[in-house]
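Trainee: In order, the protein sequence lines correspond to chains D and W. Going by the working numbering, the first sequence opens with residue 62, and the numbers climb by one from there. Going by the working numbering, the second sequence opens with residue 24, and the numbers climb by one from there.
Source of the hints: derived by calculation from the structure; they are not laboratory data. What you are looking at is a predicted structure, and each value in this text was computed from that prediction instead of being measured. Accuracy of the hints is not assured; some may be wrong.
Taking beta-carbon pairs under 7 Å as the criterion, some of the chain W residues facing chain D (in silico) [unchecked claim]:
1. 60
2. 62
3. 107
4. 281
5. 335
6. 339
7. 369
8. 395
9. 405
Every residue, glycine too, gets a C-beta built ideally from N, C-alpha and C.
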Amino acid sequence: MDRPLRTRLETRFADKLTGPVRQRHDQTEIRIGPGDLIEVMTALHDEPELCFELLADLAGVDTGDHMQVVYHVWSATTPDWLRVIADGLPRDNPRIPSLTGLWPGAEWMERETYDMFGIIFEGNRDLRRIYMPPDYASFPLRKDFYLPDDAARSPGGGVRHMEQTVAPVQATERVVRRTVKA
Amino acid sequence: MTASPGTGQHPSMDDPRIMLDGQIGQFETVPPYPPRTERESEFYSLRDGEMFLNMGPQHPATHGVLRVVLKINGEQVVDLDPVLGYLHRGVEKLCENSDYHHIISQVDPLEYVSSLFTEWAPVMAFEQLLDVQVPRRAEYIRVLTGELLRISSHILYQGWIALDLGGLTPILYSFIERDEIVEMLAAITGQRMLFNYFRIGGVNGDLNHEFMSRLGDWMSRAAKQHEANIGLLNENEIFVRRMRDIGRLDRTTALRMATSGPNLRSAGVPYDVRRAHPYSVYPELDFDIPVRGTNGGGDSLDRYLLRMDEVRESLKIIDQCLHNMPDGPVMARLPRLLRPRPGRAWAAVEAPRGLYGTYVISDGTDQPFRMKIHDPSFVNMQLVGLLMKGNLIADTMAVMASLDPVMGGIDK
């Protein structure tokens, strides 16, 4: 755990953080709103005392209640991983600015997250499905999407849900069985 | 496919009429729907003298089922659009519906060339969630087997890259070495490719006599054999000329493209997870991080040579592991059914292709709520589009092979 990093982040982003800075093992975690993402990430990337140059991962999360986009970044200035959680995206219309201006390499990761969760990354020039076929309409990693052996409870209520193209927004019944406070 | 009229039988794949009636051009180069994004409409509109060339989804040089649509002008590649998803299995969804022990076998086939690393990152993340202390002998065994597999992966890379450029000999020598390594790993894991060996809190079994005797035999000649094998390619003028100055990647671009692993280090960034975020027993081991391309970036040849340097470092690590290996148990005491407290964990390891990471969210049940797998090949594959522009079609092979993608990991 890098204690000074915590102080640095708390002073630098005092008005942006929506939760306390958490530290566990070799990870430091900050939480921001999706509107502040570009500003915070640009500061993290550009400022020499932070200098988080490498985007290690971009993950979407459906907590069952809302959506998150989680970024892991690396800097030579700290032995910790920094985890930035862009929190509180509404499940019915998740939108967040794209990071492709800062890291063009985020393009495919954002396409993947869009494909799996339906999160719209505003500013990504190529936001189309990357794994699933183009005419596919569901978002498989959302928590109201069940595996085929659980088809009776899936939004389309079909037998072979994986082959259906029913969007969750059109579904009559949407059940989220698991939620998490993440 | 329609049944043959009148017969009422299901058509046989040997029926020559299928070739006439069936869909021959299943993979139409231009999508049969209007462009969905700005980039797609830009790519799928041709200027004077340009044409599309479809490569794949099955092509010997794409290292798996990858389809690449090339936009070419004569012999020159103007732009390209990789199409993924032919191998997508939804592993993340499967992991979210499996219990923690079961996940180890679910993630195995992701990066099938070096599958121990796909187990290592999730296992480390779960250990963080559970606050498990792994026995030191187990950590040494993990490093030992991991580095063996890194050597096997890099040696195979040497063979493939030569094969993609038309040289048949190196892959035969590569497979001699790789076969020896997978055989010795099979002696402790029972498997040659998908090992399913790491466990939460340790490894599945201790080293045995067969492994140690095979490893000893192999180590006595490995370094010398490696130098002989790289001599096959490094002194080959055709190979060097086709690799040099093709697909040059500089430091800034590599970082902006979120690249990791040997591709990043050959662009002049000394970033290795084993040193940047020390895990396991790597802090106790003495090895160097080879870096190339520090002035002006690295080309395909640098990416190849860097991996060959890494093999030497891995041999050093294996030697130290064998000398420092402590005695003791190889598994921590853990219950059969794991229910970690709610929380989040991220663990990353340095796989042969780069940073292999896992982000896990636990909700207190025996299955992870969310498990994200970060595969280095997926990110590195984006470089193909960047590096190929302006090169010749024949160089697509050299560039793509030099980035060392594995489609199992890209498509997840």
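Trainee: If a hint holds in the structure, say so; if it does not, say that too.
Mentor: Outcome of the hint check:
Nearest Cβ of chain D to the Cβ of residue 60 (chain W): about 5 Å, under the 7 Å cut. The hint holds. Satisfaction of the interface hint for residue 62 (chain W) is found here, the shortest Cβ-Cβ separation to chain D being roughly 4 Å, below the 7 Å cut-off. The restraint placing residue 107 (chain W) at the interface with chain D holds, with a minimum CB-CB distance near 6 Å, inside the 7 Å limit. Interface restraint check: residue 281 (chain W) against chain D, minimum CB-CB distance 3 Å, threshold 7 Å, status holds.
Annotation: interface hint on residue 335 (chain W) violated; nearest CB of chain D at approximately 25 Å, more than 7 Å. Interface restraint check: residue 339 (chain W) against chain D, minimum CB-CB distance 24 Å, threshold 7 Å, status violated. Interface hint status for residue 369 (chain W): upheld, as the beta-carbon distance to the closest one in chain D is roughly 6 Å, under 7 Å. Interface hint at residue 395 (chain W): satisfied, since its Cβ lies 4 Å from the closest Cβ of chain D, which is below the 7 Å cut-off.
Taken as an interface hint, residue 405 (chain W) checks out: its beta carbon lies about 5 Å from the nearest beta carbon of chain D, inside 7 Å.
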